[in-house]
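Chemist: Note that the protein sequences, when read in sequence, are chains A and B. Residues 1 to 114 in the numbering used here are what the first sequence lists, from first letter to last. Residues 1 to 110 in the numbering used here are what the second sequence lists, from first letter to last.
Among the clues, some could well be false.
Only pairs whose alpha carbons sit at most 30 Å apart, straight line, appear in this in silico DSSO-like list of lysine-lysine [to be verified]:
hint	chain 1	residue 1	chain 2	residue 2
1	B	Lys56	B	Lys26
2	A	Lys3	B	Lys69
3	A	Lys3	A	Lys70
4	A	Lys70	A	Lys13
5	A	Lys71	A	Lys18
6	A	Lys55	B	Lys69
7	A	Lys13	A	Lys53
8	A	Lys57	B	Lys26
9	B	Lys56	B	Lys69
10	A	Lys71	B	Lys26
11	B	Lys70	B	Lys56
12	A	Lys55	A	Lys18
Hint data in this document are derived by calculation from the structure and do not stem from the laboratory.
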Amino acid sequence: DVKVTQSSRYLVKRTGEKVFLECVQDMDHENMFWYRQDPGLGLRLIYFSYDVKMKEKGDIPEGYSVSREKKERFSLILESASTNQTSMYLCASQLLGGSYNEQFFGPGTRLTVL
Amino acid sequence: SQQGEEDPQALSIQEGENATMNCSYKTSINNLQWYRQNSGRGLVHLILIRSNEREKHSGRLRVTLDTSKKSSSLLITASRAADTASYFCATRGSARQLTFGSGTQLTVLP
Numbered sequence: 001d002v003k004v005t006q007s008s009r010y011l012v013k014r015t016g017e018k019v020f021l022e023c024v025q026d027m028d029h030e031n032m033f034w035y036r037q038d039p040g041l042g043l044r045l046i047y048f049s050y051d052v053k054m055k056e057k058g059d060i061p062e063g064y065s066v067s068r069e070k071k072e073r074f075s076l077i078l079e080s081a082s083t084n085q086t087s088m089y090l091c092a093s094q095l096l097g098g099s100y101n102e103q104f105f106g107p108g109t110r111l112t113v114l
Numbered sequence: 001s002q003q004g005e006e007d008p009q010a011l012s013i014q015e016g017e018n019a020t021m022n023c024s025y026k027t028s029i030n031n032l033q034w035y036r037q038n039s040g041r042g043l044v045h046l047i048l049i050r051s052n053e054r055e056k057h058s059g060r061l062r063v064t065l066d067t068s069k070k071s072s073s074l075l076i077t078a079s080r081a082a083d084t085a086s087y088f089c090a091t092r093g094s095a096r097q098l099t100f101g102s103g104t105q106l107t108v109l110p
């Protein structure tokens, strides 16, 4: 079974703090994604990566950056957390060449910025 | 940008009844996928239908796709309390990423 893990289920940070959200997958998937989920808005793509050290912006990259130093790990960074970044953050992975492949999701991190 | 839009936003039914959720999208797609999310958890893939398919079954799930109307429906037959969850459609176009809708919250009452 594919397993995608996220470093924290719940996180509380203060405005201005630098926040790291970690995601690790154990199935050697090339593609990894970061989404945020807000009520009524569904999932919105923040950043994605198709390879080590490679990243591409999604629909809402402002205020975020990412790092992919190893294939299995994809980190989301909030350089200076703000209250409007309070949200549920979901990481997903997918096999490359997955024209028809599903994405596998982690359990999510609920981040609160005070 | 959101591609898929689910309808209804919320649905409440009795156990044993069928549940139907609809998804509409705007641009041409490669495939359409349905996911389930239990409260406060990650999403789980349910079923995928390709743009050249019209109907697909998996257990109690039946998905249809009408590319001329840019719409899809998910039918869950003989629903159970454990089916209570949010259901999302996700479309894949020419780009490699998926675009998710805002979801349908299904409540199955025992």
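Chemist: Each hint should be assessed against the structure and marked as holding or not.
Modeler: Now for the hints, and whether the structure bears them out:
no.: 1; hint: B:Lys56 x B:Lys26; result: holds (21 Å)
no.: 2; hint: A:Lys3 x B:Lys69; result: violated (36 Å)
no.: 3; hint: A:Lys3 x A:Lys70; result: holds (16 Å)
no.: 4; hint: A:Lys70 x A:Lys13; result: holds (26 Å)
no.: 5; hint: A:Lys71 x A:Lys18; result: holds (23 Å)
no.: 6; hint: A:Lys55 x B:Lys69; result: violated (34 Å)
no.: 7; hint: A:Lys13 x A:Lys53; result: holds (27 Å)
no.: 8; hint: A:Lys57 x B:Lys26; result: holds (21 Å)
no.: 9; hint: B:Lys56 x B:Lys69; result: holds (17 Å)
no.: 10; hint: A:Lys71 x B:Lys26; result: violated (34 Å)
no.: 11; hint: B:Lys70 x B:Lys56; result: holds (16 Å)
no.: 12; hint: A:Lys55 x A:Lys18; result: holds (20 Å)
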